[in-house]
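Go ahead and model the full structure; you've got the sequences and the hints to work with.
Protein chains in written order, with our numbering: chain A, 9 to 315; chain B, 83 to 467; chain C, 323 to 691; chain D, 7 to 290.
These are computed hints drawn from the structure, not numbers from a lab. All residues carry an ideal CB built from backbone N, CA and C; glycine is no exception. Accuracy of the hints is not assured; some may be wrong.
[Stated by the list, open to error] Here are the in silico distance ranges between beta carbons for each label pair: (1) B:Q267 x C:N532: 54 to 62 Å; (2) D:K128 x C:W627: 57 to 65 Å; (3) A:A274 x D:N147: 50 to 58 Å; (4) A:A140 x D:G26: 53 to 61 Å; (5) A:A274 x C:R646: 52 to 60 Å; (6) D:E76 x A:L167: 51 to 59 Å.
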Amino acid sequence: MWDTIFPYLLSGISVGGQYALIAIGYTMVYGILRLINFAHGDVFMVAGIIMVYIAASGLPLWLCIPLVLLITVAVGFLIERAAYRPLRSAPRMSVMISAIGVSYMLQNLVLYITGGLNKQYPTIPGISDTVAIGAAKTKVVTVITPFLVIILVVALVMLINKTKIGMAMRAVSKDFETSQLMGIKINNVISMTFIIGSFLAGVGSILFFTNYPTVIQTSGAMPGLKAFVAAVFGGIGSIPGAVIGAFIIGIMENIIKGLDVILFKAGVISAPLGLATFSDAFSFALLIIILVVKPTGLFGEKVTDKV
Amino acid sequence: MKKLIALVLALMMLVPAFSVADDLPVIKIGVYEPASGDSGAGGKQETLGVQYANAKTPTVEIGGTTYKVELVMADNGSSTDKAPSAAQKLVSENVSVVLGSYGSGVSIAGSDYFKDANIPAIGLTCTNPQVTAGNSHYFRVCFLDPFQGTVLANYASKELGATTVYCLGELGNDYDQGLITYFKQAFEALGGMVIVDSFPTGTADFTSYLTNATGYNADVFFCPVSIAYSTQIIQQASAQGLEIAILGGDTLDSNVVADADKGTNVKVVITTFYQEGANAEFDEGFKAWLNENPDMMTNNGGNDVISAVSVMGYDGYYVALAALQAAGSTDGAAVMAALPSVEIDGVSGHIKFDETGDAVRTSAFVKTVNNETGEWQFVTEQTVD
Amino acid sequence: MNQKKSKTPMIITLVLVAAIYVAVFIAEQTLPANSMLFTVLKKGATYALVAVSMNLLNGFTGIFSLGQAGFMLVGAYMYGIFTIPIAQRASVYQYFDGGMIQFTVPVIVAMILAGLAAAFFAFLIGLPVLRLKSDYLAIATLGFAEIIRAIFQWNGLGPITNGSNMLRSFPSFNDFNIRDGQGNVTVYLSTLIPFLMAGVCILLIVLLINSSYGRALKAIRDDEVAAEAMGINLAHHKRLAFCVSSFFAGVGGAMLAMYQTTVQAKSFTSAMTYEILLIVVIGGIGSVTGSVLSSFLFVACSEWWLRFLDEKQMIGTFEVPLLRNGFRLVVFSVIIMIVVLFFRRGIMGDKELPDLLSRRMKSEGRRKK
Amino acid sequence: MSENRNNVLKLENITMQFGGVVAINNLSLEVNQGEIVALIGPNGAGKTTAFNCITGVYEPTNGIVYFHGEPIVVNHPQGKMVKQYAGINGDLYREKKPVAHTPDRITHMGIARTFQNIRLFKSQTAFENVLIGTHLRRNSNMFTATFRLNAKEEKANREKAWNLLEIVGLAEEGKELATSLPYGKQRRLEIARALATEPTLLLLDEPAAGMNPQETDELGSFIVDIKNRFNLTVFMIEHHMNLVMDISDRIYVLDFGRQIAEGTPEEIQKNPVVIAAYLGVEEE
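Spelled out as structure tokens, the structure:
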């Protein structure tokens with residue numbers, strides 16, 4: 009039984025870690041601006057496309073990766089500047105619509121640049137290799153993803169708890185107006201949030217596309233939505249919540265994909281039911297259940313980590 | 083500013099001067115193919131065949147008049163909801179005949195529009211029987227899924243010795259689902275077991291599906307999906323060390339897929355319409371043309387390996403020309419009436435339509451990827467009685 | 323007391339609308355049937371209905387729902403399932419032995435069924451979801467649309483929904499044309515009928531908006547606490563708005579099915595909802611006239627007027643740079659962003675056509691004085 | 007007093023606790039038929055909270071609210087509150103089944119209110135604001151309303167709304183956007199809107215806030231006028247002492263969530279506790 013389930017867990021942990029890196033961006037932006045940044049998943053996709061084109065230009069890989077992260081951060085920063093900042097005093101619905109507009113634009117822009125064709129993600133030596141864990145074989149990146157996620161989250165939590173900018177972030181997320189009155193430069197804090205979020209999305213994209221090496225303009229949509237679901241599930245505004253939520257969603261989704269096999273092998277069913285159809289829908293069902301049962305999410309009440 | 087206006091005006095004056103350069107009457111052929119979306123890569127390669135044929139034979143003599151053939155492109159975006167307006171665009175441009183599409187679903191989705199406008203359509207590589215069944219206006223130059231499914235099932239059972247096959251298709255893709263159904267029928271008739279799974283559109287993570295195949299102890303992984311998904315599946319199969327062969331239909335016959343399989347240990351076997359080398363004249367001409375046109379080379383995936391879909395596009399163009407000549411008119415209805423009796427010797431073989439409007443095909447090529455060179459290798463030519 | 327509203331702008335509006343219908347009818351009889359104009363008008367009418375139904379929720383009730391595509395899907399499927407001719411069922415439901423349902427209902431009945439089914443789904447979804455606050459509600463409805471999509475694609479329901487495969491062969495807009503014995507069209511109605519369908523539905527929505535219930539919905543949008551203090555039952559009214567909006571989204575879905583001639587769950591994605599939302603925003607949140615106008619504009623731009631951007635254009639020997647497949651959508655999304663950022667009120671703001679007319683008359687009257 | 011059979015509103019041991027903060031502590035009071043009763047107290051004393059408990063916006067932690075003798079709100083500390091509860095009489099209603107109505111239900115029963123920070127429907131005209139108030143007494147349903155089968159009722163409602171506007175002196179401004187009216191008129195409009203719901207008890211939350219002395223005077227006689235005209239009982243929160251003393255029959259004084267005094271205006275004016283806790287602060 010364990011042998012049957014283990015490979016799904018492995019896939020789930022890997023993809024969950026990548027969702028986690030995107031989910032942090034959602035949860036931080038929501039914590040501060042109360043905005044569902046619908047374009048965040050597309051920033052993640054854009055990071056993938058940038059890597060494709062930079063690597064194709066012949067630059068060495070050790071230079072490509074920092075460059076990709078840098079450009080991704082710049083993209084996230086510019087989106088906030090151009091599309092969200094002018095709407096700071098507008099109703100929340102307008103900002104959300106603007107986010108949807110940005111998402112639409114990024115996708116169309118990439119469609120135009122790539123000609124609507126799938127782009128092959130470059131192979132990154134080291135993490136693209138195959139390793140065997142027990143009976144299962146997988147890429148190195150699958151194994152390092154959860155560790156990298158934990159390292160990044162610890163660093164991020166330290167940044168938020170120990171540094172001045174982190175303190176400002178916490179203040180802004182608690183009370184937008186008051187912190188403004190207290191002399192916190194709100195715009196800087198918001199920019200910083202977007203920079204961190206985009207950076208993590210960039211890292212996530214490198215891991216994700218190394219695992220699933222094709223990029224197309226819609227590549228970011230589903231992972232983005234699921235990462236958001238993870239953020240809500242874990243309690244929006246809570247970073248550990250987002251990470252745990254992401255792992256749960258990643259694992260559950262892969263278990264659902266393999267549920268037919270698991271049930272089949274356990275002798276519960278005699279023929280496959282086609283439950284894999286619901287692998288995406290399941291995440292949303294989970295979302296609705298949590299919203300109805302505990303609208304604040306798993307860790308929503310812990311205000312201390314709210315950013 | 084004034085200078086700019088003057089320049090624009092001057093340029094506009096030049097327009098008529100250039101457009102009267104050749105005064106041949108124009109006949110329009112619609113190319114109804116995806117240029118974006120999941121099937122974009124395949125659609126572009128199919129279009130290349132049409133474009134090459136058009137470059138080679140840019141004019142046609144109909145009823146004693148020589149016409150210039152103009153290709154009108156419409157991108158159906160690989161999706162059935164974008165298909166109507168793409169089809170409508172071709173109709174509104176008054177094309178005489180339509181070629182395409184890559185992908186059976188979009189072909190069916192556009193079908194009614196051509197029917198209502200009395201324009202015949204020639205399917206190039208859409209293999210689902212429903213495209214032509216019950217339609218008098220849709221024709222097709224390739225083989226059909228019941229045939230292809232049987233060929234694949236025979237091959238899986240007899241050559242690969244499989245008893246259990248895991249099939250994976252995209253939800254809502256008529257091509258995938260159709261071929262899997264016919265494969266299943268044929269394979270079960272041979273005494274084998276078939277497990278069918280589907281993934282939602284936009285899936286990138288196939289690792290769990292690959293695990294499923296292993297979990298069912300399948301001997302063959304059958305995934306007749308579009309190029310976009312098949313490259314993902316092959317690469318992830320390689321990472322997971324999948325030991326069983328991946329079997330595919332004609333959609334996998336692309337240099338993009340072969341490239342993905344290069345340097346891995348995954349065995350990929352497919353059935354298709356054409357094998358490079360079968361017609362040296364065409365091969366050389368096509369490659370030379372690709373090398374002259376960098377844009378076209380990009381559309382072919384960056385190299386000059388010939389995909390079978392391009393061949394079908396090429397043959398389809400000549401079927402259309404033959405029909406136009408036989409009709410002696412540019413009127414869609416006349417072309418439709420002339421099509422059933424058209425016969426040509428194409429690059430992919432002799433093309434002749436049966437009463438439903440499908441080409442009579444009795445053989446398919448089986449190819450596999452050479453893992454070292456990343457090239458397609460001919461395995462066998464399979465026929466079904 | 324100035325209780326009496328001037329009726330003149332209302333009458334002018336009605337005359338204008340009637341004139342549009344006459345124009346559509348005449349155009350259809352005289353212009354070639356394959357003109358892109360009719361494609362735009364048919365799809366525009368469909369989208370207008372869907373956009374107005376979304377506006378009823380987002381604009382008039384203040385419920386930010388992103389479930390529109392899901393409800394359209396339900397409507398489109400209900401329409402398809404109940405109108406595919408028996409003779410065609412074997413070939414449509416080819417993998418499911420002709421399917422389970424072996425009867426058909428008239429088109430109009432199927433459309434009402436489509437609406438009712440969508441409203442029923444909305445009722446079920448509304449029970450848990452409508453309690454949520456703005457953006458949580460948005461994401462939950464978006465999620466529900468995805469769940470509905472998965473359910474309709476599930477092979478287990480194949481005998482009814484045809485699994486993930488296409489539904490087709492049902493009556494489409496072109497079947498409304500009146501033909502003579504030889505099958506030649508004598509009277510073209512394929513554009514007028516969708517106009518009538520959308521028109522009747524939009525009229526109903528407008529009547530609702532201007533009724534006591536409509537005012538209650540607007541009160542909820544303006545201030546939930548005050549609305550509740552005025553004795554307006556929030557849960558009841560929100561559910562009502564949600565179901566009514568979904569009813570018309572379902573009818574719109576049925577119309578989309580007729581327009582497309584095929585239906586497939588796969589195409590009802592969140593991208594479709596976003597498109598409709600953008601139409602509502604461009605038209606002006608809270609304006610029916612705006613939603614209708616922007617639907618036609620949006621469809622015309624995306625399907626017709628901007629198509630040239632997708633192809634190489636030569637000015638003499640000069641090839642216009644940047645033009646290639648996909649450029650249309652780039653230009654399009656830039657326009658949308660400009661509207662969202664700088665013209666936040668959209669085309670109409672929250673004004674309707676009669677409002678504009680009465681304002682104009684007022685200002686003219688003043689000038690005369 | 008508690009023997010008075012014709013009391014309209016009666017609060018019994020109402021406590022409202024938010025987390026660890028006790029906003030109202032064991033408040034009991036009564037408002038009788040035809041009275042004008044004022045609730046006064048310094049800022050933050052818990053006056054508006056009391057209104058919110060009566061109208062169903064908040065669910066009090068403990069206590070009962072009676073309306074015409076019917077318990078419309080009943081609660082006792084539950085769940086986490088059992089441990090956290092910092093008020094008194096926490097055990098008193100343990101046996102009672104909690105009753106909680108949504109604000110619209112309570113308005114339906116006949117309690118209407120205005121808001122301290124004016125909450126008019128901002129996109130609607132003054133007339134429409136009042137008209138919305140008539141919605142809850144409708145006999146029509148969605149279908150009859152959409153198909154205009156309720157024309158008679160609609161006409162009656164419109165007439166009623168215009169009448170109310172005339173009564174509050176806003177007939178001229180009926181077609182203007184509610185939020186474009188001057189402050190004083192907005193307050194009157196809120197009252198008209200509340201009256202449209204056909205209440206028997208009217209709760210006014212600082213009706214004179216932001217008004218000049220002359221307007222305040224006029225408001226006083228206006229309140230008495232509508233009370234008589236519509237046979238109302240009025241319970242109001244107010245800071246303008248002149249107004250309170252002029253028109254109130256009785257006054258309750260609240261400080262830090264506790265009731266510190268009760269009596270006629272004359273009694274309150276003389277009450278040293280009130281002067282110390284409230285008037286003293288006010289004059290500072």
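The hints, checked one at a time:
1. B:Q267 x C:N532: 54 to 62 Å: For Q267 (chain B) and N532 (chain C) the Cβ distance comes to about 59 Å; the hint holds.
2. D:K128 x C:W627: 57 to 65 Å: Distance hint for K128 (chain D), W627 (chain C) is violated at roughly 38 Å.
3. A:A274 x D:N147: 50 to 58 Å: About 53 Å separates the Cβ atoms of A274 (chain A) and N147 (chain D), which means 50 to 58 Å holds.
4. A:A140 x D:G26: 53 to 61 Å: Holds, at about 56 Å.
5. A:A274 x C:R646: 52 to 60 Å: holds (54 Å)
6. D:E76 x A:L167: 51 to 59 Å: holds (58 Å)
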